[in-house]
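A.B. asks: Residue-level listing of the chains:
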Amino acid sequence: MEWIMNPWPWYVSGPLIALVMFALLFVGKQFGMSSNLRTACSIGGASKASDFFDFDWKKERWNLIVVLGAIIGGFVSANYLSDNTVNINPDVVIKLESYGINSAGESYLPTEIFGDESLSDPKILAVLLIGGFLVGFGSRYAGGCTSGHAISGLSNLQLPSLIAVIGFFIGGLIMINFIYPLIF
Amino acid sequence: MKTLVYLIIGVFFGIVMYKSEAASWFRIYEMFEFGSFHMYGIIGSALAIGVMGTQIIKRRNIKALGGQDMQLNPKAMSIPRYLFGGILFGLGWALAGACPGPMYVLAGAGYGSILIVIFGALGGTFIYGLLRNKLPH
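Order-wise, the sequence lines are chains A and B. Counted from 1, the first sequence has number 60 at position 60 by the numbering used here; the numbering is strictly sequential. Counted from 1, the second sequence has number 9 at position 9 by the numbering used here; the numbering is strictly sequential.
This is chain A alone, in the form it adopts within the complex:
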């Protein structure tokens, strides 16, 4: 049973993600987790503001079922399949400590950012809100996120997906190297 409780190594996890993609292809769908954000906007009535949201969202309901499944999967994993700690490179832990983030190795997410008490800190609130905003805006602008481009698109040898993934890393490296030192 230990292999279930321990974190799964990359060579187990990667092929299982490919399996998720193939399972969705097999049932006639496409693996892409950001499109449901657009569907959710449409359900909320966003088509009144932009025709981008004016589509038959009922055809995309399947995607929301996948989301519901992912939520259940997260619940099951965190409560029954994990001790909820993540062991990262010790050098990175030291770097994080210089930012005042000391929870590496003790929790799944940094308590300094995701702990409930952090929500009273306007800076942390802004980090979560702006981070989410950029993820939502950027994935729709780029026409996909990590699952849609980095897994589905690259598996299908799509040059646009390669450009998007290069963009993901340019953005991520700018954030970590130039903007994090200003925030933390």
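What the hints contain is simulated information worked out from the structure, not anything from laboratory work. Don't take each hint at face value.
[What the hints assert, rightly or not] Below are the DSS-like pairs computed for lysine-lysine, each with C-alpha atoms no more than 30 Å apart in a straight line:
| hint | chain 1 | residue 1 | chain 2 | residue 2 |
| --- | --- | --- | --- | --- |
| 1 | A | 48 | B | 75 |
| 2 | B | 134 | A | 48 |
| 3 | A | 59 | B | 75 |
| 4 | B | 58 | A | 59 |
Model the placement of chain B on the given structure of chain A, informed by the hints.
C.D. replies: Below, chain B without anything else, positioned relative to chain A:
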């Protein structure tokens, strides 16, 4: 019946995301610091199998359930759309330490703060819809 299949795929995906630690802010940060092979190994091994499987599907013309074509549509070419959109996404991915799949997984895992990230992502998607015609694509 089909709904149950989507639900099972989603649950499986959620467990894989959580257990692989791809849903952990720490792993995303570590990836952008080039501190470990872990995330690169996940994406790389998913791709190695993904590319092989996709090629087999295309060459043998394997159909989806019900006989319809698999959703392997070519993406329209553009540089600004994918590059600018990609950079904005990357900034957010590193700032929030979560991408759209793991967000929901973390919500299920009980991290209430992730709801702020999801709210922000909905806002970002909505504002993109408003500005879409003014952006280079």
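A.B. asks: All the hints need checking, so say for each whether the structure fits it.
C.D. replies: Tested hints:
1. A/48 - B/75: 28 Å, holds
2. B/134 - A/48: 18 Å, holds
3. A/59 - B/75: Holds, at roughly 20 Å.
4. B/58 - A/59: This hinted pair holds, its Cα atoms lying about 25 Å apart.
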